[in-house]
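Novice: Take the sequences, apply the hints, and build the full model.
As they're listed, the protein sequences go chains L and V. Residue numbers for the first sequence follow my numbering, so the first one is 73 and each next one is one higher. Residue numbers for the second sequence follow my numbering, so the first one is 6 and each next one is one higher.
You may find that some hints are simply not true.
Below, computed lysine-lysine pairings styled on DSSO-like, alpha-carbon distance capped at 27 Å [stated by the list, open to error]: (1) L:Lys267 / L:Lys279; (2) L:Lys187 / L:Lys87; (3) L:Lys190 / L:Lys159; (4) L:Lys200 / V:Lys287; (5) L:Lys159 / L:Lys200; (6) L:Lys187 / L:Lys159; (7) L:Lys159 / L:Lys267; (8) V:Lys287 / L:Lys159; (9) V:Lys287 / L:Lys190; (10) L:Lys200 / L:Lys190; (11) V:Lys287 / L:Lys187; (12) L:Lys200 / L:Lys279.
No lab work stands behind these hints: they were computed from the structure.
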Amino acid sequence: MSLIALRQTEKYYNKGKETQVHALREVFLEIERGEMVAVMGVSGSGKSTLLHVLGLLDSFDGGQYVFDGTDVSALQPNQLALLRNEKIGFVMQNFGLILHQTALQNVSLPLLLNKHTKYVQVSPRALKLLEELGIGEKAAVPVDQLSGGQQQRVAIARAIANEPLLLLADEPTGALDSGTAEEVMQIFHRLNEEKGMTVILATHDPKVAAECSRIVYISDGIIQGRRD
Amino acid sequence: MKFLQLVRGAFSSDFPKRILIAMELIVGLVLLYLCADMLEKYREIDRYMERYADMAAVDPKKPDQIEYAKEHGTVFAPTVKLTGENGMGEQQYFGEINELACYKAVPIALAEGTWFEAEAHDCQYIAVIPYSLRRTYPCGEICELYFRETGRISAYICGVLALDLTFGNTGHVYFDSTNCIVLLCPAEKNADYTKRLLASHLYVKLNEIDTEALRILDIDSVALIKDGIHEGNRDSMAAPLFLSVTLLVLFSTALLGEYFLTGKENEKAYAIRYLCGAGVGKAVLIQACVNTVEIVIPYLISLVVALTLKIRLYQHSTLWPLLGLIAGSILLSLVQLTLLSRKSPAQIIGRRFRQ
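Specialist: Printed below as a string of structure tokens:
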């Protein structure tokens, strides 16, 4: 069974208004467990929207989305939140961190929200994650005092804190220099290969896409084709 | 922390943000002024207490107190307690005197007027009113007052008490039905009211209060007198309440302004709600906790500073602002909850879809 199955999925912005945008058009997409997939397209093509829908960050207006055997369209907001917390990690281009909090506090947050994690385990586990990503010594530093690469590592640590099945990254290297971008890509590879996480990256950088096992092209909200 | 964030933001290239930060800095300065003003007001109260604390009531039934007062102080004014004529027996009468004799002395000071100026007016009663009633019963005028035992009477308002008093700490003086107005009777006009007289106290302004005075005058300590006055001062509630309401409004305005204009709060809420997978209830709880921690830490620091500088802190002045701010934090979180529920995730982070 696929981890992700989108069937005729539609997404509109400002539906019914003059400014309506048809962001996703009858999208069919299946992604197996353990895959590392790049979603490529120009700016405004719908790749971010696709990732937001896949990550349950945004709703969709038609079709079906089955995630890990569950039809998510029938779920209530708090059930969606629970799925996001336990099974999905999300890394954004602008990192999406709480800036005045420390790296450790940021990484601890999803752990605190997870009912399966005991309180006493939260800090040690968050610290271990930061150490694994090479920023253990920055644990007590507010994230707005960290470099872009360090902030992205904190964001990744937060995304994988609950060992999710799916890791989504929207332009994860877009705000980084080439050296740091390469290090971040290595982290994604390691998570995919060693921990078996399914990784989906949205990117317009061919070099980044080339490192993935599969590329999905999207244009005007339509999946154009796949290269395995 | 907040100040550093503001200073960093002041150098932002984003013009609306700079305007907002300027507004927040102004709000911060107003807050600072209010805090300083509050501290100054309390220091003023302290100074006031120091000035009047050495005035004490002396029970004329106790010769040693009278003797001490004459030797060490100046007789300030006598007060008379009146009661009804409806069958109060002598035994009860003396019982009450004994009770009064045990009562701790409480000084009474005037903010306006003079004790016993009624001689110039053909008026049987004179009264001293609490500060809060000064507009209702102007000093120097004859006003109609109602007392349970005497009924409706005309009394000359000879003075305005510097502080409001309550029954609890001034049991030896007489109050009207609101427990506020002190009815006095000049000694030279006592003839007609001999039966009503229960007890009189001489108020003396002592040259100094030493341990001997405390012992003879049956006063535990000067601090006791001060606290006695302050606990009875209803006006003391006003400043902290006002401060807490002001802080609440300013704090809400600043954060809500930040919420709507910079989207910073939106991003934080988005990170908690969506990227970390918090349910709406938990998201609000986390926001409330984060806001409260941001409030409580500087609050505790200010308490430590106040204690270090030996600034006298009163219960109301410390508790009410804190409760007000925590209430503000919860209110803000509820506002965020409402806004979060009404917006889509894309709207929350202001993501623009270009196609």
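Novice: Compare the structure with each hint and give your call.
Specialist: Now for the hints, and whether the structure bears them out:
For the proposed pair L:Lys267 and L:Lys279, the alpha carbon gap of about 23 Å is at most 27 Å, so the pair holds. The hinted pair formed by L:Lys187 and L:Lys87 fails the criterion: a straight-line CA distance of about 37 Å is larger than 27 Å. Our distance criterion of 27 Å between C-alpha atoms is met by L:Lys190 and L:Lys159, whose separation comes to about 18 Å. Taken as a hint, the L:Lys200 and V:Lys287 pair is honoured in the structure, with Cα atoms around 25 Å apart against an allowance of 27 Å.
Taken as a hint, the L:Lys159 and L:Lys200 pair is honoured in the structure, with Cα atoms around 20 Å apart against an allowance of 27 Å. A C-alpha spacing of about 13 Å is found between L:Lys187 and L:Lys159, which places the hinted pair at or below 27 Å, so the restraint holds. Distance hint between L:Lys159 and L:Lys267 is fulfilled; the C-alpha atoms sit about 14 Å from each other, no more than 27 Å. Using a Cα cut-off of 27 Å, the hinted pair V:Lys287 and L:Lys159 holds, with the two alpha carbons roughly 18 Å apart.
Under the criterion of a C-alpha separation no larger than 27 Å, the hint pairing V:Lys287 with L:Lys190 is consistent with the structure, at around 17 Å. At roughly 15 Å between alpha-carbon atoms, L:Lys200 and L:Lys190 fall within 27 Å of each other, so this suggested pair holds. A distance of roughly 12 Å separates the Cα atoms of V:Lys287 and L:Lys187; the hinted pair therefore holds under the 27 Å criterion. Distance hint between L:Lys200 and L:Lys279 is unfulfilled; the C-alpha atoms sit about 30 Å from each other, more than 27 Å.
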